[in-house]
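Chain A is fixed; fit chain B with the ligands onto it per the hints.
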Amino acid sequence: MLDLLKIEYKKIIPYTTFWVIFGLFFVFTPIVFYGVGQFKIEGFPIDFSTMYNFPNVWNNITYIASWFNLLIGMLFVILTCNEFNFKTFRQHIIDGHSKTDFIIAKILLMTSFAIFSTLYLFIIGALFGFISGGSEGFASDNKYLFIYFIQSLGYMSVGLIIAILIRSSAMSIITFICSILAESIIRALIPDAIDQYFPMKIISNLTPFPTPDGMIAEQMKNSMIQETMSLNTTLIIAVVYIFIFWGISYFILTKKDAK
Amino acid sequence: MTAVLNINGISKSYGKVQALNNLVLQINQGEIFGILGPNGSGKTTTLGIILSVLNADSGSFSWNGKEPSKYDRKKIGALLETPNFYPYLTARQNLSIVCKIKEVNESEVDRVLSIVDLINRANSKFKTFSLGMKQRLAIASTLLGNPDILVLDEPTNGLDPQGIAEIRAIILDLASEGKTIIMASHILDEVEKVCTHVAVLKLGNLLTTGPIQSVLNNQEQIFVVSDNLDILKLTLSQIDGVSNITQLGEKVSVMLAEGKDSAYLNKSLFDKGIIASEIGIQKSDLEANFLEIIK
Ligand SMILES: Nc1ncnc2c1ncn2[C@@H]1O[C@H](COP(=O)(O)OP(=O)(O)OP(=O)(O)O)[C@@H](O)[C@H]1O
Ligand SMILES: [Mg+2]
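As given, the protein sequences belong to chains A and B, one line each in that order.
Residue numbering for the first sequence follows my numbering, beginning at 1 and increasing consecutively.
Residue numbering for the second sequence follows my numbering, beginning at 1 and increasing consecutively.
With the rest of the complex left out, here is chain A (with noise of 0.2 Å):
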């Protein structure tokens, strides 16, 4: 199993576009982080001051952040695009893989790719929190850390099934990006009951917009909350999810020729 990722590693390390992708979500992630926190308007609903603090820290960087996931899902779905293209799956197969070992070892580059950007986040939220407060509440809420890592898989996953359905990079970087458009358009026309266990709502639904107490205006926070399923059944369902992703990538391999 570790071989596999080593194997992965040994493929991308020398890859410019792993390089410039990570790079954008290292250096803009605690840029807009910071950036968001400039903002004052009068009479604005949300009030900044306490949005590092911890533990709104948490909720607050997940969120920013997880714009910057679907760009790392994008490279993951240019990454097994590759593949295809270099027809590198193809040769694998010849040298001796299986196409199970080409699906676990999607899987556990994926997966380190999430703790990687979790572990940012951690490191970024924990200096935002500790620079501009002290340290009480940095151990509560945390569970949105965790909650992130899920979204991560979760691009990442619907990625893995677009790149192996469509194969050109172009073309399923594409796909990535309106499956999300489309999926709202589809919502539209979709009573709110049936819609909000569409996947992509789910997914996104992880790092839901930030209303931790006091930052925001009770009337607009109320509003805003009661469409949403609670956090903690959108995590089951988003694991299923990701298992069920898995799972048709795997099915939709083995029926294929490796071409």
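A few of these clues could be false.
Said to hold, decoys possible - Quick list of the computed label-pair ranges, beta carbon to beta carbon:
1. B:128 to A:137: 50 to 60 Å
2. B:128 to A:239: 40 to 50 Å
3. A:181 to B:107: 30 to 40 Å
4. B:160 to A:17: 48 to 58 Å
5. A:6 to B:128: 23 to 33 Å
What the hints contain is simulated information worked out from the structure, not anything from laboratory work.
Keep in mind it's a predicted model, so treat the numbers as computed, not measured.
We put the CB at the ideal spot given by N, CA and C, even for glycine.
For chain B with the ligands alone, coordinates are given in the frame of chain A:
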């Protein structure tokens, strides 16, 4: 002799195209087995199936009598159709990934790069390679771990004459160590120069298979020249043990029965009053035989 590969009635179609039709083949240890056939005859499809890259519609195959598994493939060096590597990685980085997959020692990389004469370019990126260099790297990759079985799909594709000669030498060298080599080609000359056995495919059907001499009817032919070809042909037809009298331009070619040679032919002609201005031996026209088979 032990069968290295058994193919039992494999069929495969792509939509309406029947690429392989109930193929049965046995390949034994130490054979250099050529799969010969025109473009689109199913050679790559056959190799793709035995390498588990393509799923057959029906039929089965076995390596060394066992159910196929990835562990067999780790011990087979195989090149299918095109060299497949990461363009942004160097030759060495690419081969080191293959070493990991095949679970062989990384020291193999330099050894195989030297064999194909790419050691000086070991640190160049794959995308900077010429077509022939890419092909050489693909051949090098098949040699990693010194496997007992090699599967090569058009191994000399894109190589210069020197490269072609080198690859043939490598193949013959490996064969002399008792390795089994399965090679697809549409180049008759290539198969004839290296293979011990051959199977001929056309439109997914196996036309014939066996040792190369018997399949390609690789016997000697005698050609004769004299001033009057019509009289010569008539006379030849009266000589015992002469067959297949055909006129090829200014020459007449014949086939002689076992035990008769050109001296016998010359004497017989002389006895009948014909002076041959030239008598020579040539190998039978492989190409003509091949074209005859696939007609
Ligand atoms: N992916 C595919 N989709 C549809 N048809 C295919 C596919 N691959 C091969 N074929 C068809 O299957 C038949 C056999 O193809 P194959 O590649 O096995 O031939 P080949 O003997 O290797 O030819 P060549 O000498 O040109 O390499 C051809 O008719 C081809 O068009
Ligand atoms: Mg072919």
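Status of the hints after comparison with the structure:
no. : hint                       : in the structure
1   : B:128 to A:137: 50 to 60 Å : 55 Å, holds
2   : B:128 to A:239: 40 to 50 Å : 45 Å, holds
3   : A:181 to B:107: 30 to 40 Å : 52 Å, violated
4   : B:160 to A:17: 48 to 58 Å  : 34 Å, violated
5   : A:6 to B:128: 23 to 33 Å   : 26 Å, holds
In summary, the numbered hints that this structure violates are 3, 4.
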